[in-house]
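Student: All chains should be modelled from the sequences, with the hints used to inform the complete structure.
Spelled out from the first residue to the last, the chains are:
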Amino acid sequence: MTREETETSGEDMMIDDPKPKIENDFNVHYLRIYYGNLFPYTDIHKWLSYGHGTCLFTCLSFFLSHSLKSFKNASLMEAAIKSNFPYKIDIGAVYSVDPDKRHAYAQSGTNLFTPVERELVFDIDITDYDDVRYCCSGADVCSKCWPLMTVAIKVIDTSLREDFGFKHILWVFSGRRGVHCWVCDAKARRLTNEQRSAVAEYFRVYKGNENNAKKVDLMGHSLHPFLARSYVDFLKSFFEGELQATQSIFSSKEKYEKILGMITDEDIQADLRGKWENSARSSLSEEATSLLRWEQLKKALQSKRNKALSLRTCVEEIVFTFTYPRIDLEVSKQMNHLLKAPFCVHPKTGRVCVPIDPNNCDEFDPLAVPTLSQLIEEINSGGLKMDVDDDDSDSSLLGKSIKFFRSSFLEPLLKSCKEEIESSYKTKIAKTKDSFSW
Amino acid sequence: MEVIRSQKRTVSNDVVSTPTLPLYLIAPHMEVRLEEFELFAIDRLRVLKGVSDGLARARNPNEMDDLVETLWKEHMRLSNVSEMINKDIISHFVLRLVYCRSDELKKWFLSMETALFRHRFRLKKIEEQRAIVGEFGLPYKAVIGAELESLKERLGLVARSHGQISSDVENIYYKVPFEEVPDLVASRRVLLQKGFAFVAGTQLVSLVVTQFRSHLSKALILTNRKWTTTIREREKDRLTPIVEALSTSYLGPDYSQSNEYADISLKDIDQVSKSSFPLCMRHLFEKLREDHHLKHGGRMQLGLFLKGVGLKLDDALAFWREEFTKKVGSERFDKEYAYAIRHNYGKEGKRTDYTPYACSKIITSAPGAGDHHGCPYRHFSEDNLKAALSRMGLSSRGMEDVMDKVRNRHYQLACTLTFEAVYGTSCDTGINHPNQYFEESQKILKSKTPAAPV
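Residue numbers (full-length UniProt numbering), protein chains in the order written: chain A, 1 to 438; chain B, 1 to 454.
Since the hints were derived computationally from the structure, they do not count as laboratory data. None of these values were measured; they are calculated from a predicted model. Do not take every clue at face value.
As the list claims (entries may be wrong) - Covered stretches of chain B, going by a simulated chain A footprint (3 or more residues, C-beta under 8 Å):
id, stretch
1, 162-171
2, 175-182
3, 185-191
4, 194-208
What the hints assert, rightly or not - Pairs of lysine-lysine, BS3-like flavour, derived with a Cα cap of 30 Å:
id, chain 1, residue 1, chain 2, residue 2
5, B, K175, A, K426
6, B, K152, A, K167
7, B, K194, A, K333
No residue lacks a Cβ here, since even glycine has one placed at the ideal position from N, Cα and C.
Tutor: Next comes the structure, spelled out in structure tokens:
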């Protein structure tokens, strides 16, 4: 069985970014050097082989050349990537038949070219938070709004492990303004589209469009334990702490009107509005003002809490609106969606898509991720080994990331794959033994 | 299952696994009479089509429960319980043969049988539901004792998050891999822990329906294999024709009794023929006016249609006489043709009240030289059909769509598209019967101009 890279034809595969423009940092020459010397072929190939030694018909798509290839081993994949110098590499599903030959199979009427396995993936993009971040918008990201991604990682990662029991989870910086999550447990890879959709919907809270002021509706008399845990462990403290400091969501009329619009009680709205208009010229800092107003809001809601069901969860709804993860549902729901591969280079920023440690995600700074030109400079200044070995690689810009990828993700994953292959082999042997008994 | 011709049927004891709701996990060992083979299947098909109709009309779950209960009583009830169960099982397996034969048929059957199962399950009492879960041989254990205690608080939160006011939890929860209950996970109606969902007794339906669907889906693939490799050939003189006819059989109203839309008077009939007749009948009508004669096939097809449309016997006699006497004279008419008309209305001979032909019958008829009956979408040449459609008022674009269907041999769809183009409205159920076309057309026209005659 072989690992394929596939043609990016519209119908059966969906990709995020259409062909991007070349930016300064990012040119063919640098790419050549990167893919010639730094891209961790062996590790990626080992990952995608899941212990089988060779990859199954996995869909890999290279942007410059739209061709389909099969790779029996890492060096073949390496050779192909090097000769193609892609803009970026996308990884798709493992298919039932050789994608090269899929048109031949189409003759029979029933669709034999179907996805068989695919990691459970999530894509979180900061542009989906534009209505609640005031420092940047669109493609920009800064240290003030990046913490939204950090909180998202914590909430989702915890739930994937605690609620769903997944273990082999890889978080990757998307290269510019978001994060991707790859859940690689065998159980996750075998989920049907319907089951993926169920997981995505389980995570879904925000249902926003321009038409409704209230985009988070937490009905019922209590929060589901998953939401309650997320709130208590991550969201509440983030909202009352870092968010106020970086976004000051109450400090201007335009900002606080948005929040007042989420309170379904007109009287409370009017009351708070009055208070805040009067204190508009206070000498407090933006952050202090925001915190004060938040306390006032909570107090106002508390007093009327028992009078209307819709007010009971209003505080939580506001917190969720500003902090709860907003995943791209479509990416997760379908097996045939392609997603950018870890360690490739983002065309617009030149940054490498490095893994993020969910246990240390507070430390991650998207603006400090090595860029293609930085890496090239490092090579040029000499002293960098071409192969990243385990012993003294920490010094190189990329070495630390690769080491992390190997030790905390790849090795445990391969160990578990091996165990699974062995146990299924044993079961097979046991079955054939039984068949001889009368 | 063995299909036999004998009068008596022997039923083995291991047929009835569940008292009231079979799971159809394995084909039963029983003998089935040939007539029952077809009749049982048709009755079940009526139920499934009723379910399909209910779903198409977006009925809510409680309405669907009632609908299913009504349909089941109406079509599947027999004098004793074990007979009912046998009919249930037999009809299901016969329909598997019918609906395994293509992806489209499989998809429809799977959806309808799953919906039928879901609502029959919902109508059962909780003890029966639990028994059914057991029948599936699902390895899910009930969570009790200390484990349940440790989860109680969070289970209460889940219940409260969906509108329950108290924190009470049910007595029994099942620990199930989350993949088995995707809809409950998606709506956060279950507690999740380390990959397991805790499903309450009242939520069992979700679990069971997933199993049912999965099992039936696999079974249909196997059935299809068996059908194509052995059964179809082996049964080509006996069961195969029945099976092949069943999926296209017409099960709608038979229009043998006219209704309120169908009080046609002779003076309106020409206008009505232009405004509301489907192409097949319009053609026959025009030819009758033109030639003052129609051959036997045409007389039957048009005559019965007019009866369904509400033309009374006396008016019918007057109508045909008016035309035929222009060619053959009134004595010959009385002698040779009037009898047949009265016969069609059940006033002669066997006194059977004949039913107007459905599209399936019309399409499969074989008009010869001088005949004008049959289905124009099938039997006309492309040029003639285009001319006829143009006279009906279709634009060239509309005509192209229709012709496309015709070339792909979807004659009824072609007629449906014609209907939609003529009346500017969509016909979701599709045209299956000329009288249906007529009635739908009259509905639309009357709603547009309530007072004026149409």
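Student: Taking each numbered hint in turn, which are not upheld by the structure, reported in ascending numerical order?
Tutor: none
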